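Asks: Listed below, chain by chain, are the residues.
There are 2 protein chains.
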Amino acid sequence: MSARGRAPRRLDETEAVRLFSRAFATSTRGLGIGIGDDAAVLALGGKRLVLTVDAQVEHTHFERSFMTLEDVGFRAFQAAASDLAAMGARPLAALSALTLPRGFSGRELERLTAGQAEAARGCRCPIVGGNVARGPVLSVTTTVLGTAARPLARSGARPGDEVWLVGEVGLAGAGLALLQQRKHGGRDGAVAAALAAFRRPRALLTRGLAVARVAHAAIDVSDGLALDAGRIARASGCRVVLEERALERALPRPLMSLAGRLGRSALDFALTGGEDYALVVTGPARDRPRFARRIGRCERGRGGVWEPHDGSARPLAGGFDHFSS
Amino acid sequence: MSARGRAPRRLDETEAVRLFSRAFATSTRGLGIGIGDDAAVLALGGKRLVLTVDAQVEHTHFERSFMTLEDVGFRAFQAAASDLAAMGARPLAALSALTLPRGFSGRELERLTAGQAEAARGCRCPIVGGNVARGPVLSVTTTVLGTAARPLARSGARPGDEVWLVGEVGLAGAGLALLQQRKHGGRDGAVAAALAAFRRPRALLTRGLAVARVAHAAIDVSDGLALDAGRIARASGCRVVLEERALERALPRPLMSLAGRLGRSALDFALTGGEDYALVVTGPARDRPRFARRIGRCERGRGGVWEPHDGSARPLAGGFDHFSS
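Residue numbers (this note's numbering), protein chains in the order written: chain A, 18 to 342; chain B, 18 to 342.
Note that these hints are calculated values from the structure, not bench results.
One or more hints might be untrue.
When chains are identical, the list treats them as one kind, so a pair holds in a single copy or across two.
[Said to hold, decoys possible] 25 Å max Cα-Cα, derived SDA-like pairs, lysine to any residue:
hint	residue 1	residue 2
1	K64	A165
2	K200	E30
3	K200	F83
4	K200	D285
5	K200	E324
6	K64	R303
7	K64	E87
8	K64	A33
9	K64	A166
10	K200	G280
11	K64	S282
12	K64	T85
13	K200	T289
14	K64	P118
15	K200	L226
16	K64	R39
17	K200	S282
18	K64	R224
19	K64	R141
Predicted model only: the values in this text are computed from it and were never measured.
Using the sequences and the hints given, assemble the complete structure.
Replies: Structure follows, in structure tokens:
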């Protein structure tokens, strides 16, 4: 439906975020990077404080049948910390708000929080406070704070930039598909890698800090490369071209064997799989760090564009919308 | 059940908070005030940063039949800001994580966020970021950040301190009871005051800042005076005595007429009503601000104690446990 239509639009994630951002737009004016980026940035006594919050809700973002409670806690923390990585921020502290369903036991709470604490230690981002409430399903809402000398926004991409991939895409989505299709049995190394990518993602904080020194823009790929590349294009007012040839070279090796087994292409997992927490970064070719792989380029124009081997171009679409799924 | 019992304890709020705090205790060591207080405190470049998060979950903390969506948003924000008031902190910024049920419309989201934005403006605490997710019920999780020259903890009460009440207690609980018993019709001024106290609480930020200059300890009374006075006693390692004679003088006038209609005493609403967001503060008699009313005293000893007119003493018990309700 068109944005100008008279009938009420269905409330999908894009529309919900648009209304949310509009409601609070006035109050954030003059504060620098605000609503709509991976994290907000505040100036505080000569420091730049980076803040973000992420919620993981049972039956929306995870199923307890697909992972242990330790995994749920670990993953929820890393998902929030990943937004700090995308901003090039150094973690400072976190808060955790838990909603626990009736019948959730003390032992279960210990396992959930053990996973959170393990992730917090790994990220050097202590959980210093929180909230526990009763609710219909398990949910873990994590606020993380960090500091950044030069925070990276989505909006800084420029024509002429390369598009870089930091970390891996596709494997976590394949891990989820294996679980959904009950094809995760056996001792296959590729299966194990995919399940680990899905259950135990790691926020790329060190690489985020390193890349922030040279990059122009960044986003974390939690919703699939296609959707998040488009977000950089929109925020930066330029065209982001993802090149099939370049992306193929950057795909994780285990994904190739798994994709066939799952009846989807490896590229499809990379572009629309979600759950990855890799970083998409843009910056000048001469400054590309060794750990960053070139997967495309920025040009004058608009939108996210997919460039297959034949050199044609079509709009990037798709991605993983937790809100409407 | 005893803490030493072998059978698993039922997971009530106290036990959940104990397990939560234990899980993250290691990571917060050396950071000053941490888990278990109204908010956490971090040192950052010469400033003291105060952080807290609060969740309001449908059917646990509110019913949409009892208030408008604007009220839900307004109240959720004030509930979180009230923890800053209790710490004597000046608001800096907030994040809002919303969980929206299927069928929640764009118009409904606008009303919810309008209430949040109104409260944020009133508190001079802009909402600078957030998260929107799908979930089974409506929930509003608010993170607030502030700064404090000298943060007030629960743990600073000393024998010899007076116990002060800042703001009003009992009226919001009476407002909730009126709604639950469907006795909220008509144009009665007392009813209107109680409904407003319940639906539109206000974090006492200015008074919190003023009292922080002289007080030793503070807490916000979100769960009823009895429970929260006991929390100060436990955290401070002293006895907190609430005096019936003194508390009676501090009760809001409309509460008297409403209590009879609702079949409970005004004191009962004040002690166990919850939903108030007043502050309980301890400090030296000579420094009591004019807006603070004396309702008791701190002594050597342990626990929260109720002192009726006859001068006897019994342990303070009760309060509003959202977790097991």
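Asks: Could you run down the list of hints and mark each one as holding or not?
Replies: Quick rundown of the hints versus the structure:
1. K64 with A165: Both: 8 Å inside a chain and 16 Å across chains, each within 25 Å.
2. K200 with E30: Neither. Shortest intra-copy (30 Å) and inter-copy (40 Å) distances fail the 25 Å Cα cut-off.
3. K200 with F83: within (12 Å within a copy, 48 Å between copies)
4. K200 with D285: Within one copy only: 18 Å inside a chain, 59 Å across chains, cut-off 25 Å.
5. K200 with E324: neither (32 Å within a copy, 66 Å between copies)
6. K64 with R303: Classified as neither; 29 Å inside a copy, 39 Å across copies.
7. K64 with E87: Close neither inside one copy (34 Å) nor across copies (35 Å); limit 25 Å.
8. K64 with A33: Neither, since 32 Å and 35 Å both go past 25 Å.
9. K64 with A166: Intra 7 Å, inter 17 Å, cutoff 25 Å: intra and inter.
10. K200 with G280: within (12 Å within a copy, 61 Å between copies)
11. K64 with S282: neither (45 Å within a copy, 52 Å between copies)
12. K64 with T85: neither (38 Å within a copy, 39 Å between copies)
13. K200 with T289: Within one copy only: 20 Å inside a chain, 54 Å across chains, cut-off 25 Å.
14. K64 with P118: Neither way: K64 and P118 sit 39 Å apart in one copy and 38 Å across, limit 25 Å.
15. K200 with L226: Classified as neither; 37 Å inside a copy, 59 Å across copies.
16. K64 with R39: For K64 and R39, neither the intra-copy (27 Å) nor the inter-copy (31 Å) Cα distance is at most 25 Å.
17. K200 with S282: For K200 and S282, only the intra-copy Cα distance (16 Å) is at most 25 Å; the inter-copy one is 63 Å.
18. K64 with R224: within (21 Å within a copy, 28 Å between copies)
19. K64 with R141: both (19 Å within a copy, 21 Å between copies)
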